[in-house]
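Chemist: Put together the whole structure using the sequences plus the hints.
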Amino acid sequence: MRPETAGGDAMMMGDDVIRDLLVQVCGTREALRPGADLLEEGILDSLAMIDLLEGLEDLGIQIQPTRVPRDAFRTVEGILTLCRQAEKQE
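Using this note's numbering, you'd call the opening residue of the sequence shown number 402 and step up by one each time.
Hints are supplied without guarantee of correctness; some may be wrong.
Unchecked claim - With a straight-line Cα cutoff of 25 Å, these simulated SDA-like cross-link-like pairs (lysine to any residue) come out: (1) Lys489 with Gly461; (2) Lys489 with Gly443; (3) Lys489 with Thr476.
No lab work stands behind these hints, which were simulated from the structure alone.
Modeler: So, in C-alpha cells, the structure goes:
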C-alpha cells in the first residue's frame, strides 16, 4: 500500500505530495492560493495539465481527462477531490 493512501494522516501527506506536484508543474506557488482559478488565470495551462496527469500517474493516481469535466481542474481543491475519487476507484 502506498503511504499516501494508508490512512487519515497519510492522506494529508498525499494531499501535500499532490500540492507539491502542482507547484512543480505550474512553476509557481500561486497554484495553491485559496480560490485561485488555475485555468482562468493561466496558472495551469495545457502543457502543465499534461505534466500534472503524468505526475499523478507516477504516484499511482489514474485520472482519465476525457472522463472528467475540465472545470474539475479549475482549483487545487478540485484537483485534490479528483485524486481522492480516483484512489477510491482503485
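Chemist: Would you mind marking each hint as holding or not holding in the structure?
Modeler: We went through each hint and held it up to the structure:
{"no.": "1", "hint": "Lys489 with Gly461", "verdict": "holds, 12 Å"}
{"no.": "2", "hint": "Lys489 with Gly443", "verdict": "violated, 30 Å"}
{"no.": "3", "hint": "Lys489 with Thr476", "verdict": "holds, 20 Å"}
This entry does not satisfy hint 2, going by the numbered hints stated previously; all others are met.
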